[in-house]
Every structure is written in structure tokens, then in C-alpha cells.
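**Student:** Make a model of the complete structure from these sequences and hints.
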Amino acid sequence: MIHDAISGKMSIKVAVAVLLIMAAGLIAYDVYAAMHIRKDAQVVLYDPGPLGQAAANDRVITVDGKPVFTYATAVNFNRAWSQNPKTEKTPVAYFDFSGTVTVKVRTPGVKIEAVTIRPLSLGIKPVIKDDTLSFRLDKPAKLTIEINNNLHRAIHLFANPIETDPPKEGDPDVVYFGPGIHDVGKIEVQSNQTVYIAGGAVVHGFIKATGLDNVKIIGRGIIDGSVYDRWKDGFVPIDLQKCTNCTVDGITILDPAAWALNVFTCENITIDNVNIITARSNGDGITTQSCRNLTASNCFVRGWDDNLVVKGYDGDVSGITFDNIILWTDLAQSCEVGYETRANIIEDVAFKNITVLHNFHKPVLSIHNSDQALVRNVSYSNIVVEDAQMGQGDGAGSNFLIDIMIAESQWSQSETRGNVRDITYDNIKVLDGELPAIHFQGFDEEHTVENVEITGLEVLGRKIGDIGSGKFYLGDFIKNIDVR
Amino acid sequence: MKAKPVVILLVTIVVAAACGAGVISYIDGNAKTTFTTVTGTIHQYVKQKPKLEPLEDLGTNLALNLETSSSGITQDKAVDRANDGDVLTYWEGTPDSYPNSLWVDLRSVKSVKAVRIKLNPDPIWEKRSQTFSITGSTDDKNYTAIVDTAEYVFDPDTNGNVVTIKFDAVDVQYVKLTFTANTAATAGQAGEFEVY
Numbered sequence: 000m001i002h003d004a005i006s007g008k009m010s011i012k013v014a015v016a017v018l019l020i021m022a023a024g025l026i027a028y029d030v031y032a033a034m035h036i037r038k039d040a041q042v043v044l045y046d047p048g049p050l051g052q053a054a055a056n057d058r059v060i061t062v063d064g065k066p067v068f069t070y071a072t073a074v075n076f077n078r079a080w081s082q083n084p085k086t087e088k089t090p091v092a093y094f095d096f097s098g099t100v101t102v103k104v105r106t107p108g109v110k111i112e113a114v115t116i117r118p119l120s121l122g123i124k125p126v127i128k129d130d131t132l133s134f135r136l137d138k139p140a141k142l143t144i145e146i147n148n149n150l151h152r153a154i155h156l157f158a159n160p161i162e163t164d165p166p167k168e169g170d171p172d173v174v175y176f177g178p179g180i181h182d183v184g185k186i187e188v189q190s191n192q193t194v195y196i197a198g199g200a201v202v203h204g205f206i207k208a209t210g211l212d213n214v215k216i217i218g219r220g221i222i223d224g225s226v227y228d229r230w231k232d233g234f235v236p237i238d239l240q241k242c243t244n245c246t247v248d249g250i251t252i253l254d255p256a257a258w259a260l261n262v263f264t265c266e267n268i269t270i271d272n273v274n275i276i277t278a279r280s281n282g283d284g285i286t287t288q289s290c291r292n293l294t295a296s297n298c299f300v301r302g303w304d305d306n307l308v309v310k311g312y313d314g315d316v317s318g319i320t321f322d323n324i325i326l327w328t329d330l331a332q333s334c335e336v337g338y339e340t341r342a343n344i345i346e347d348v349a350f351k352n353i354t355v356l357h358n359f360h361k362p363v364l365s366i367h368n369s370d371q372a373l374v375r376n377v378s379y380s381n382i383v384v385e386d387a388q389m390g391q392g393d394g395a396g397s398n399f400l401i402d403i404m405i406a407e408s409q410w411s412q413s414e415t416r417g418n419v420r421d422i423t424y425d426n427i428k429v430l431d432g433e434l435p436a437i438h439f440q441g442f443d444e445e446h447t448v449e450n451v452e453i454t455g456l457e458v459l460g461r462k463i464g465d466i467g468s469g470k471f472y473l474g475d476f477i478k479n480i481d482v483r
Numbered sequence: 000m001k002a003k004p005v006v007i008l009l010v011t012i013v014v015a016a017a018c019g020a021g022v023i024s025y026i027d028g029n030a031k032t033t034f035t036t037v038t039g040t041i042h043q044y045v046k047q048k049p050k051l052e053p054l055e056d057l058g059t060n061l062a063l064n065l066e067t068s069s070s071g072i073t074q075d076k077a078v079d080r081a082n083d084g085d086v087l088t089y090w091e092g093t094p095d096s097y098p099n100s101l102w103v104d105l106r107s108v109k110s111v112k113a114v115r116i117k118l119n120p121d122p123i124w125e126k127r128s129q130t131f132s133i134t135g136s137t138d139d140k141n142y143t144a145i146v147d148t149a150e151y152v153f154d155p156d157t158n159g160n161v162v163t164i165k166f167d168a169v170d171v172q173y174v175k176l177t178f179t180a181n182t183a184a185t186a187g188q189a190g191e192f193e194v195y
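As they're listed, the protein sequences go chains A and B. What the first sequence shows, in numbering that gives the first Met the number 0, is residues 0 to 483, in sequence order. What the second sequence shows, in numbering that gives the first Met the number 0, is residues 0 to 195, in sequence order.
Read the hints as simulated data drawn from the structure, not as lab findings. Careful, some of the hints might be misleading.
For each label pair, taking beta carbons as the anchor points, the in silico distance ranges come out as [said to hold, decoys possible]:
1) B/Asp121 - A/Ser468: 57 to 65 Å
2) A/Glu87 - B/Ala149: 47 to 55 Å
3) B/Thr40 - A/Ile26: 50 to 58 Å
Beta carbons are placed, not taken as given, at the ideal position from N, Cα and C, and that holds for glycine.
**Tutor:** In C-alpha cells form, the structure reads like this:
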């Protein structure tokens with residue numbers, strides 16, 4: 000009897016324990032599911048219509064069951080500069096949405112074994128079944144989807160927010176490009192005008208605005224430079240020179256025959272939600288030269304040359320901010336100040352919330368002062384390098400996470416060298432790849448790198464709280480390097 | 000026996016949580032998607048070729064493929080592109096650094112009577128004015144005026160982006176263009192720099 004009573008109590012205890020576990024598990028699931036409950040969705044899909052160029056048919060993308068038109072654009076896996084490098088194609092697709100949507104990707108004839116969706120910070124773990132992967136999205140994102148650990152044919156998917164109040168064809172002061180193919184060449188624009196490139200538009204052309212005020216270049220469409228020869232044409236798709244109060248928003252630039260987006264001696268410029276993929280020589284992404292008060296945010300740049308650039312060609316530089324930008328650096332630097340630093344002062348430059356998906360070539364965060372400028376107050380914060388592969392090809396010897404160098408270069412024009420002062424790095428993380436170095440080098444006693452502060456540096460899982468615990472290459476003529 | 004209410008409570012919670020999961024799943028599965036699909040077409044842009052007068056035959060271009068020099072260049076617009084015989088490739092001076100100079104060495108002193116500057120004739124190279132002077136030298140040190148600074152219009156619609164400047168013949172080995180303005184760029188440009 001005693002045995003039975005004990006046994007009965009035990010059974011109840013076991014039952015209570017089992018029920019507790021079940022209740023806790025179910026409640027946890029309910030909370031999780033309620034947080035991720037699918038909301039009614041609105042989706043805008045864009046089909047350019049008859050393209051005259053091959054789309055990407057080996058990646059079939061759908062959103063809530065409807066097909067998303069997938070372009071094929073040039074990318075470049077060469078890790079050494081050459082005049083006419085061989086390129087290859089990769090898929091690019093975009094749509095607009097609100098609510099919660101399910102994205103599916105099918106790879107006809109190819110079994111999917113593994114998928115990496117970047118940026119990793121989004122934590123997207125797709126469901127994989129045979130030749131199909133699927134995942135949910137409940138907010139706009141710029142994704143790369145790497146299938147079976149292969150960077151070739153990685154999908155570039157730009158899931159945009161729904162446009163608000165887009166202009167209509169015929170609106171005054173609007174240069175309108177509707178959905179479809181436009182072989183337009185030079186796009187004429189005047190002050191106080193809007194160039195609207197609608198979703199589904201593919202514009203073979205370029206905008207060179209000189210001395211204009213209050214110009215907007217907006218939409219969801221593509222400026223495609225693939226029809227132009229790199230050397231005979233060399234048109235920059237969006238080229239703003241001596242302009243003020245201009246906006247570039249929502250545009251995608253593919254395969255430019257030169258730099259992608261150049262802003263030269265301009266003031267009060269806003270660049271938002273711009274996507275850039277370059278493959279040919281000198282395919283710099285967002286280039287700012289002698290600008291004042293410029294902000295570029297929420298952008299994606301994959302480039303076969305410097306991705307984000309601050310130069311001082313003609314006039315001082317101040318107030319340049321790059322914020323919330325995703326980079327894939329096939330060649331050269333990810334975030335570069337230099338080499339042309341002919342301004343007297345380059346100051347108040349901020350790179351923040353930058354994710355570098357891959358860098359295969361040269362330093363991630365670099366200041367190359369090869370002219371006369373005083374470069375001061377440059378800050379880097381919340382930088383994540385997901386895959387650090389710097390130093391490949393002719394980038395050998397440049398496996399630097401951080402590089403500050405005052406030196407003469409092939410681009411130098413000033414007779415004297417400048418200085419670098421007050422540079423801060425905060426919360427910089429390298430998640431994977433090869434161990435990169437940090438390099439500082441002044442020029443001489445009069446031209447030095449001074450006051451550099453590094454906090455929250457973590458490389459390949461190791462916190463670097465002092466110079467001794469990191470891979471630092473410290474050259475001459477540097478002072479006050481503080482690593483905490 | 001006291002444990003019974005606890006068991007009942009827990010069973011109730013488990014059942015309620017399971018029902019909750021079912022409700023959530025039902026709501027989740029019933030979310031609607033509204034689609035808008037935009038489809039494009041091919042837009043035609045008719046480009047009419049301008050009717051241009053044929054260029055006057057000035058004889059042999061003395062500068063073709065000879066050594067050229069300049070005060071500087073923009074990006075990749077190297078100086079030898081100015082006389083490589085291909086008008087689609089071009090030299091462009093250092094941005095915003097006027098004056099920009101471009102000069103050619105004819106290898107020996109020659110009688111020169113005209114200079115012709117060409118830019119890409121494609122209409123996407125818009126109409127522009129370039130301001131420059133022409134000087135000459137026999138030693139690349141002492142240059143004297145051949146044609147004073149003047150403004151020249153390059154217009155794909157009216158002159159095919161070609162400007163020809165004739166002058167009284169001079170004996171020189173070096174011919175130099177010195178640009179001080181360009182209404183469509185921040186430096187002087189020359190697709191072809193021809194000397195006759």
C-alpha cells in the first residue's frame with residue numbers, strides 16, 4: 000500500500016512535470032507564432048516586358064506564389080585590375096511590398112543542399128526542400144542568396160517598401176520613364192525637375208547634371224549601362240556636378256561603363272535606397288568628391304572597384320555620412336577616403352551601420368591620404384564584415400581591416416603630403432574569413448597620423464582590447480593610437 | 000489526491016495553448032496578398048541623323064599617332080587618346096584645373112595651316128562650347144600665339160562636333176591647345192586633335 004501511495008504520488012508528479020513542459024512549450028510557441036503571424040500583404044511586381052536580353056532562368060523566384068522577373072547582370076570575380084576583364088552574369092530581382100510575404104526560390108535541376116542568406120544579421124533561415132528554398136519577409140531588405148556555398152549565381156534580391164505618391168506621366172517638371180525598355184542616351188534634366196524611372200523601366204542612358212538645383216532622380220527602375228563600351232563611351236549613369244539640394248532615391252544601377260554614381264562638388268545631397276552592381280574597370284559605387292552635406296543611406300553596393308568613396312578633388316569636404324549600407328567588394332576598398340585628397344580639409348565623415356558581405360581584395364576601412372589634405376574627424380561605427388577575404392589577387396599584402404596611410408601614390412598631384420587626425424572606430428566586427436591586420440603609416444615628422452581610437456573591436460570571435468592582442472602593423476610617424 | 004486540481008489546471012492550459020496555436024495558425028494561413036503587376040513595353044526614341052556638310056579635305060593629319068602631352072587628365076582619359084585616329088576615344092584634362100594644355104610634337108619643324116578638333120559625334124555628346132588658344136613652338140619651351148583664345152561651339156547637330164580653325168601658315172614643331180572653359184565638362188576635351 001505504501002508502495003502504491005508512493006507510486007501514485009510519483010505518477011502525479013511525472014504527469015504534472017510533463018504537463019508543465021507541454022504547457023510551457025505550447026505557450027512559448029504561441030508567443031513566437033503570434034509575434035511572427037503573417038500579416039495581409041500588398042505586393043507590387045514589375046515586369047519590364049520584352050527585354051531583348053536574357054533574363055536569369057536558372058533561379059525562379061516567386062513572392063506569395065507569383066513570379067518575380069529576374070534580370071541577369073554582370074559581376075566580376077577577377078581579383079586583379081585589368082582594362083577589359085572577363086565578367087559573368089548573376090541574377091537580380093526586386094519587388095515592393097508591405098505586410099508579410101513568402102519568398103520562394105527554385106533552382107530547376109539543382110538540388111539545394113545549403114543556403115546562406117546575407118546579411119546574416121537578419122537571421123533568415125530558409126526552409127529547403129529539394130530544389131526549392133523559402134522564407135518569410137516582413138520588412139524591406141536587400142538580400143544576397145548564396146546557394147550550395149557557391150558565390151557564383153548568387154541572387155541579389157531587393158525587397159523595397161511600397162512607393163508613396165510616385166509621379167505620373169505628364170506631370171509638370173517630370174521626365175518620366177515608364178515600365179519597359181528605353182534606349183534614350185543622355186537624359187536631359189533642368190533645375191527643379193524630377194527624373195522618374197518607374198519600376199519595370201530599364202533605361203539605357205545616363206544623367207549628367209551640371210550646376211543644377213533641386214533635382215530628384217527617383218523611382219524603382221533600373222539604369223543599365225551594359226549597352227555602352229567601357230572605353231569609348233564610359234558614361235557615368237548618374238553624374239551630379241556642382242549641383243545643390245538633389246535627391247537620388249530607389250534607383251538601381253547595373254553594369255555601368257564607368258563609375259556608377261558620381262557626386263562632384265555638390266552640396267546638400269540625399270542618396271537613399273539605391274542599389275548598385277558594377278563589373279567593369281573603375282566600377283566605383285558611390286563616389287563623392289569635394290562635397291558638403293551629403294548622406295547616403297539604405298543602399299546596396301556590389302562593386303568591382305571602391306564601393307563607397309570620399310575624395311577631395313576640388314574644394315574642401317565636410318559632412319559626408321554613409322548609413323545602413325550593405326557592401327560586396329569584389330575589387331579594391333569597401334569604404335575609402337582617398338586616394339585623391341587635394342582639398343585642404345576633409346572632415347566630418349561618418350561610416351555607420353555598414354555590413355560588408357564579402358571583401359576579396361583591399362582594405363575594408365581605409366584612409367589613403369596621398370595629397371595635401373588634413374583629413375580629420377572620420378568615424379566608423381557598427382561595422383560588420385561577414386566574410387573577410389582581403390588580399391587576394393593583386394591585393395596581396397593589403398589584407399587590412401583598417402588602413403591609414405599617408406604616402407605618395409600614382410594619383411598624387413599635391414607637392415606636399417597632408418595629415419590625418421581624430422579617427423574613431425567603434426563596434427567593428429569581423430565574423431569570418433582570414434585574420435586581417437590593422438595598419439597605420441605616417442609620412443614624415445610633419446605629416447602624421449594622430450589620435451586614433453578603437454573601441455569594441457572583435458575579430459573572428461576574439462575581442463581586441465589592446466594593441467598587443469591584435470594584428471597591428473604600426474609604421475612610423477603615428478601618435479596616440481588608443482585601443483580599448 | 001491534492002494534485003488533481005493542478006493537473007486539471009495544467010491540462011486546461013495545455014488545451015488552451017494548443018487551441019491558441021490552432022487559432023494563430025488559422026489567422027496566419029488566412030492572411031491575404033493583394034498583387035499589382037506592372038508590365039512594360041519597348042519605348043521608341045527616334046534619333047534623326049543631322050544633315051552635315053562634308054568636312055573640307057585639309058590634306059594629311061600631321062599629328063596622327065605622334066607623341067602628345069598634357070597638363071593632366073581626368074580618370075582614364077589618357078592623352079594619347081587625343082590623336083589615336085579614333086574619335087570615340089578622347090582626352091580630358093584635369094577637372095576644374097584650368098588652364099588645361101594639350102600639345103603634340105610633330106618631330107620636326109613643319110608648316111602648319113590648320114587645327115581640327117573633333118569630339119564624339121553621337122548626339123548624346125551634347126552641344127558645348129570650348130574656349131581655347133592655339134600656340135606654337137620650335138623647342139617646346141618658347142610658345143608664340145597662332146590663334147588667340149576664342150570660344151568654339153561643338154554641336155553634333157550642326158557641325159558634327161568638329162571645329163576647324165584655319166590660320167596663316169606657321170613653321171612649328173609643337174602645337175599646343177590651352178583650354179580655359181568647357182560648358183559641358185569641368186575640363187578641356189578632345190576626341191581627335193588634328194594638325195594640318
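**Student:** Are B/Asp121 and A/Ser468 spaced within 57 to 65 Å by their CB atoms?
**Tutor:** Because 58 Å falls inside the window, the suggested range holds.
**Student:** Is 47 to 55 Å right for how far apart the beta carbons of A/Glu87 and B/Ala149 are?
**Tutor:** Distance hint for A/Glu87, B/Ala149 holds at roughly 50 Å.
**Student:** Given a hint of 50 to 58 Å, does the C-beta separation of B/Thr40 and A/Ile26 actually sit inside it?
**Tutor:** holds (54 Å)
Hint check: no violations occur; every hint is consistent with the structure.
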